[in-house]
Amino acid sequence: TALCGLAFALILGSASLLTRTRFECATLTLLSWTALGNLQLALYYMDIYPLVQFAFALFLWAALRVVDADGHPVWPALVAAVGPFFYVGLVLLLPAMLVVAAATLRRPDAARRLAVVAAAVVVATGLATIPGYGTPFAFPAYLADLGRDGTRTLGLSADSNLLPAAYLFSLRHLAEYLHSLLLVDGVGVLLCATTAVPMLGRVLRGDVASRAALLFALTAPVLFYSFVMDPLWGPYWDWDLFSYAAVPTSMLGGYSLVVWGRRQPTARALLAGLLAAAALIHLGARLNAIELDNERHTRESPPHVEMRAPTDHADDKTTGVR
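Count along the sequence shown from 1, add 28, and you get the number used in the working numbering.
The hints are simulated quantities; they were obtained by calculation from the structure and are not laboratory data.
Yeah, the Cβ is synthetic: ideal placement off N, Cα and C, and Gly gets one too.
Certain hints may be false.
Claimed, not checked - Listed next, with one range per pair, are the computed distances between beta-carbon atoms:
no.: 1; residue 1: Val-151; residue 2: Pro-330; range: 33 to 39 Å
no.: 2; residue 1: Arg-135; residue 2: Gly-33; range: 29 to 35 Å
no.: 3; residue 1: Gly-234; residue 2: Ala-139; range: 19 to 25 Å
no.: 4; residue 1: Leu-199; residue 2: Thr-294; range: 36 to 42 Å
no.: 5; residue 1: Pro-164; residue 2: Asp-137; range: 27 to 33 Å
no.: 6; residue 1: Pro-226; residue 2: Tyr-253; range: 24 to 30 Å
no.: 7; residue 1: Ala-143; residue 2: Gly-229; range: 55 to 61 Å
no.: 8; residue 1: Gly-175; residue 2: Gln-292; range: 48 to 54 Å
no.: 9; residue 1: Tyr-253; residue 2: Leu-71; range: 21 to 27 Å
no.: 10; residue 1: Arg-176; residue 2: Arg-233; range: 39 to 45 Å
no.: 11; residue 1: Pro-330; residue 2: Thr-29; range: 29 to 35 Å
no.: 12; residue 1: Pro-293; residue 2: Val-110; range: 40 to 46 Å
no.: 13; residue 1: Asp-187; residue 2: Leu-320; range: 34 to 40 Å
no.: 14; residue 1: Ala-139; residue 2: Gly-162; range: 50 to 56 Å
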C-alpha cells in the first residue's frame with residue numbers, strides 16, 4: 029500500500045509535468061488513478077507488482093523531467109538499470125531510455141551528463157547483485173538464473189514462459205489479450221487506440237525527444253509483453269502479471285485526450301466526464317471483487333497449466349509459481 033501510495037503521488041507529479049491547467053492535471057490524474065490495474069494493487073495486495081508499479085511511475089516522472097530539460101538523466105537511468113535485478117520485467121523500461129538519451133543529446137553538456145550516467149549505471153548494477161547473490165557484479169550467476177527461469181515448462185509452451193506461436197496468433201488468444209487489457213485499463217487502452225493515434229504519427233515523423241515519444245516508448249513494450257507472455261492461471265486470474273501496464277496506458281491515453289481537446293475544450297470536458305464515469309462503473313464492478321463468480325470466469329479464461337496434457341505438467345507442483 030505504501031509503494032502504491034508513492035506511485036500515485038508520482039503519477040500526480042507526472043500529470044502536472046504533462047499538463048497546462050488544473051483541469052487537465054485533474055483529468056489525467058483521475059483517469060490514471062481509477063484504472064483497475066493501478067488501484068487494485070493498493071488494496072490488501074501482497075506480491076511484487078506494487079514495486080513494479082512504483083518503478084514505472086518513478087521512471088516516468090524522472091524521465092519527463094529530462095525531456096523537459098529540467099532533470100538529470102542519471103535518475104531514470106538508475107531506475108531502468110537496477111530494476112531488472114529485483115523484477116526482470118522492468119527491462120521493459122529500457123526502450124524509453126532511448127528517448128531520455130535523445131533528449132539529453134539536445135543539451136550542450138550532453139557528453140558530461142552521459143558520462144555520469146554510464147559510470148553510475150556500472151556501479152549501481154554491480155551493487156544490485158549483492159541482495160540476491162551476496163557479492164557485487166555477480167552477473168554470470170544472474171544471467172544463469174535468467175536462463176533457467178526462461179525455460180520453465182509451467183504453461184502452454186514446452187520450453188519457454190512465452191506463448192507458443194500457434195496459440196499466439198489464434199483468435200482465442202486475441203480475445204484473452206483484449207480481455208486482460210480491458211480489465212486492467214479499458215479507458216486508457218481505448219484512448220490509446222483513438223486520440224493517441226495522431227500523436228503517434230508525429231513521433232514516427234521524427235519527434236523522438238518529446239513527451240509523447242516517451243509515453244509511447246513506455247507503453248509499446250508493455251503491450252507487446254502482455255501479448256507474448258503466458259498468463260499461467262488464465263487471463264482473468266493472472267491480471268496482476270499485466271497490472272502495471274495501467275501506468276503507461278492510462279498516462280498516454282489521458283495525455284492524448286488532454287492534447288486532443290485543447291482545441292475543443294467543451295467536447296473534451298464532456299468526454300472526460302463520460303470516461304471518468306465509465307472508469308468508476310468498472311471499478312464498482314471489479315474492485316476487490318475479482319474472485320466473485322470465479323467458476324464462470326475460469327471457464328471463459330481457463331488456466332493454461334490445466335490446458336496441457338497431465339503428463340506435461342505432472343511435476344510442476346515442485347517448481348512453484350513464477
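Status of the hints after comparison with the structure:
no.: 1; hint: Val-151 <-> Pro-330: 33 to 39 Å; verdict: violated, 46 Å
no.: 2; hint: Arg-135 <-> Gly-33: 29 to 35 Å; verdict: holds, 33 Å
no.: 3; hint: Gly-234 <-> Ala-139: 19 to 25 Å; verdict: holds, 23 Å
no.: 4; hint: Leu-199 <-> Thr-294: 36 to 42 Å; verdict: holds, 40 Å
no.: 5; hint: Pro-164 <-> Asp-137: 27 to 33 Å; verdict: holds, 30 Å
no.: 6; hint: Pro-226 <-> Tyr-253: 24 to 30 Å; verdict: holds, 25 Å
no.: 7; hint: Ala-143 <-> Gly-229: 55 to 61 Å; verdict: violated, 35 Å
no.: 8; hint: Gly-175 <-> Gln-292: 48 to 54 Å; verdict: holds, 52 Å
no.: 9; hint: Tyr-253 <-> Leu-71: 21 to 27 Å; verdict: holds, 24 Å
no.: 10; hint: Arg-176 <-> Arg-233: 39 to 45 Å; verdict: holds, 43 Å
no.: 11; hint: Pro-330 <-> Thr-29: 29 to 35 Å; verdict: holds, 31 Å
no.: 12; hint: Pro-293 <-> Val-110: 40 to 46 Å; verdict: holds, 42 Å
no.: 13; hint: Asp-187 <-> Leu-320: 34 to 40 Å; verdict: holds, 36 Å
no.: 14; hint: Ala-139 <-> Gly-162: 50 to 56 Å; verdict: violated, 36 Å
The structure fails hints 1, 7, 14 (numbered hints given earlier, in ascending order).
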